[in-house]
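Between the sequences and the hints, there should be enough to build the whole structure, so can you do that?
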Amino acid sequence: MFSQSATLKGVILDETQHPISGVNIKANDIGTTTNENGFYELNIPSGKEITVEFTHVIYKKVVVTFNLKNGQELEFNPVMKTNIEQIAPVIINSNTKTTIEGVTTISPAVIRTIKGAQPGVENILKTLPGVNISNELSTQYSVRGGNFDENLVYVNEIEVYRPFLIRSGQQEGLSFVNTDLVQNVDFSAGGFQAKYGDKLSSVLDITYRKPIKFGVKADLSLLGGSIATEIVSKDSKFSGIMGLRYRDNSLFINSMETETNVVPVFADAQTYLTYKFSDKFHLNFLGNLSLNKYDFQPQNRQTNFGTLEDPLALMVFYEGQEKDRYQTEFGAFKADYFLNDNVTLKLITSMYHTTEEEYFDILAQYRLGEVNTNIGDENLGEVEFSEGIGSQLNHARNDLDAAIINIEHKGDAKIENNTIEWSVKYTYEDLRDRLVEWEVIDSAGFSINPPHIDAFNQQPYEPYQGPLVPFQNVRATNYVKINRLQAYAQWSRRDMLGEHEVYYNAGFRVHNWNVDSEIPNEDGISSSNQTVFSPRGQFAIKPNWEKDMLFRIAGGLYYQPPFYRELRDSAGIVQPNVKAQKSIHLVLGNEYSFRLWNRPFKLVSEAYYKNLSNVNPYTIENVRIRYQAENNAKAYAYGLDLRLNGEFVKGTESWFSFGYLKTEENIDNQGYIARPTDQRLKFGVLFQDYVPNIPELKMYLNLVYNTGVPGGSPSYANPYDYQNRLPDYKRADLGINYVLVDANKNYNNWKRNFKELSIGVEIFNMFDVQNSITNTWVRDVYSKRQYSIPNYLTPRVFNIRVSTRF
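The sequence shown lines up with residues 0 to 805 when you count with numbering that gives the first Met the number 0.
Worth double-checking, as some hints may not be accurate.
To be verified - Here are the simulated lysine-lysine pairs, DSBU-like style, with alpha carbons at most 30 Å apart:
#1 K8 / K750
#2 K275 / K424
#3 K322 / K424
#4 K661 / K8
#5 K25 / K59
#6 K233 / K601
#7 K578 / K649
#8 K236 / K279
#9 K649 / K750
#10 K279 / K345
#11 K729 / K697
Said to hold, decoys possible - What follows is a list of derived Cβ distance ranges for each label pair:
#12 F538 / E258: 55 to 61 Å
#13 N299 / Y591: 53 to 59 Å
#14 L379 / I735: 33 to 39 Å
#15 L379 / Y153: 54 to 60 Å
#16 N543 / I735: 24 to 30 Å
Hint data in this document are derived by calculation from the structure and do not stem from the laboratory. Glycine is no exception: its CB is placed at the ideal position from the N, C-alpha and C atoms.
This is the structure:
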């Protein structure tokens, strides 16, 4: 066994996609053969080029050169042919992938290794430049000045969706993507191809793996657990991978300032199945059942703020509770028909159904005052003098029932160096929504009128004789049906321009949609029909230089036809005539691959500019977005993203990223102001290390620094009158892991029952930084002054984790 090794495994197939048994695989003086299912597994030295030969008495020899990292597992499934010679050796280098399409590829091993407060793909995305996640309990992210609703997510070419009513990270639960099932992760932050859908910001393209042998993986921690199983039939025609996950965020929520009785339980079951009816026809099924249950009974809270000279505190005592339920069912079939070696035809059907309930009645009674700062006093830290006394009653009975049905044909054809791809897709959306929310506020026993009423309270100096009305009151019922017809076609080609390798891509999308609301808006409009046309293109060149460089330019016209949340205004009323937001993208990129300390590194840089029109303005509170449902703004965004990744420690992948962004909008020609996602600077670090003398003892550091975004103002405030930024977001998560059983080693004791076994400890928010995402506004009826009290996120939290694979 090699001291530094990697694992090569896979299934070897013939031209008819049947597994080949008895194939000899040889690398230097080591070798193996495939079993009756065509499966093989071979340990090879890591950190250098190793040539592997695949030979069989009937089939032509295949020669491939690999350069893998220590501990890496690579799945390689060659197709052996009987009548075609291999023209030249193939070199596969795990450390470099020519991302001519502007796509960042993230290793599934990194995703599964690097855990976080919200483990998964999004936990890694937040370390990339241009991606903003400022709430560790949320999986929602914004990209290059966009918002959470502007990102596409695909799993095996199937578009997936998220719940609608989520308003805070505490309610959110699990990401759709189950990292235990993932084979490949691609992410594009802009300038993406026409084959991806109509959104303004980004694409996350996930591929779930098709198993090649039976296996079980389990993970258990104080935050919950997961188990994933892989199965394969004896004839290899049927394969499936299934995952169960359970999550309980009590560890985080109970560590926050508000003392609560809370039951935040999130669970889901997910599967991806494949059956090969023949060599030409495969049928796949993706299914997901998810239940988020959030029962919340706050008790009390004390938040200290202010300055050393003028310390203040807010003390709140609660009555009431919140009960939320989010239940989703998702199922999709994908049929693949391989017409010949060059043409593939696909048919995809899917249905997404969600039922969501958001019910709460919470009375908060508060005292705001000066804090005792006398050291040694028995009342140190307590409120001595009250500057404001009041209460706030929040009520909601929100229900939503939504069904989304898709049917799509797509295909691709390869003609010499050209690839043609096309698709036609029909979507039907049926949404039924009831929104009932109100808030009543009093200060010193006097009811506070809403800000849009001219008669401002003058109590206790003058009696108020007008009607008593809630501070905020939203009541709406909507029954909406949306029909969409989409199509795309694109062409791509790899070629040579003199001695230089070039890549071209050009395509377009067409999107027509019809909105039909049973209840007309205030203008009497109940339906609308619109169509948009979106051309896109990319060009990349890899010069034949001594230095390994690649240059890329991408751009196009991108539209985002409104989804349900974008149609609903701040009063909860659907506005059917909302237009698609429009954005012109221009992205210039460069990749420089080099070796440092005799290890591979890559520096990726991208400059981008977006010009947006027909913008639908919005506000963000925690993770809840409220749109104006008007196309009354224009905006722009520009910035620079840098990412350096490589083996800073031999045998491990780490990266450092930096992002600069500026985005502003002009609403109703009032002038340009910062958009809610104007995060000016971003630094991200993902660093892995191990103890040289004890390589089984590993460490990871996930560090993020984001400058503050505009926010924290009252929800009713005019952004032109009130421009404030939240404090900078600073967070470091540390994980220490000890590998008891290594998949690359052989054992003769109890450890032989495991393929992998590790135990570790995690420290979330290692430096115990007080990050805030919103503010609570407290009013003093006497001085008419409003105080901004930060709502802090999670403090330092410890977790224990055990992972195994059989």
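Do the hints match the structure? See the list:
1. Note on K8 and K750: the hinted pairing holds, with a Cα-Cα distance of about 22 Å set against a maximum of 30 Å.
2. With a CA separation close to 25 Å, the supplied pair K275 and K424 stays within the 30 Å bound.
3. Distance restraint check for K322 and K424: the Cα-Cα separation of roughly 37 Å exceeds the 30 Å cut-off, and the hinted pair is therefore not satisfied.
4. Taking the CA atoms of K661 and K8, the gap is near 46 Å; set against the 30 Å cutoff, the hint is violated.
5. Of the pairs offered as hints, the one joining K25 and K59 holds, with about 15 Å between alpha carbons and a cut-off of 30 Å not exceeded.
6. Distance hint between K233 and K601 is unfulfilled; the C-alpha atoms sit about 42 Å from each other, more than 30 Å.
7. Our distance criterion of 30 Å between C-alpha atoms is broken by K578 and K649, whose separation comes to about 52 Å.
8. Under the criterion of a C-alpha separation no larger than 30 Å, the hint pairing K236 with K279 is consistent with the structure, at around 12 Å.
9. Note on K649 and K750: the hinted pairing holds, with a Cα-Cα distance of about 27 Å set against a maximum of 30 Å.
10. In summary, the hint linking K279 to K345 is supported, as the alpha carbons are separated by about 11 Å, within the 30 Å threshold.
11. The hinted pair formed by K729 and K697 meets the criterion: a straight-line CA distance of about 24 Å does not exceed 30 Å.
12. Taking 55 to 61 Å as the suggested C-beta distance range, the pair F538 and E258 conforms, at roughly 58 Å.
13. Between N299 and Y591, the C-beta spacing of about 55 Å keeps the proposed range 53 to 59 Å intact.
14. Distance hint check: the CB atoms of L379 and I735 are about 36 Å apart, consistent with the given range 33 to 39 Å.
15. For L379 and Y153, the hinted distance range of 54 to 60 Å is satisfied, since their beta carbons lie about 56 Å from each other.
16. Separation of N543 from I735 is about 45 Å and departs from the stated range, judged on CB atoms against 24 to 30 Å.
Of the numbered hints listed earlier, those contradicted by the structure are 3, 4, 6, 7, 16.
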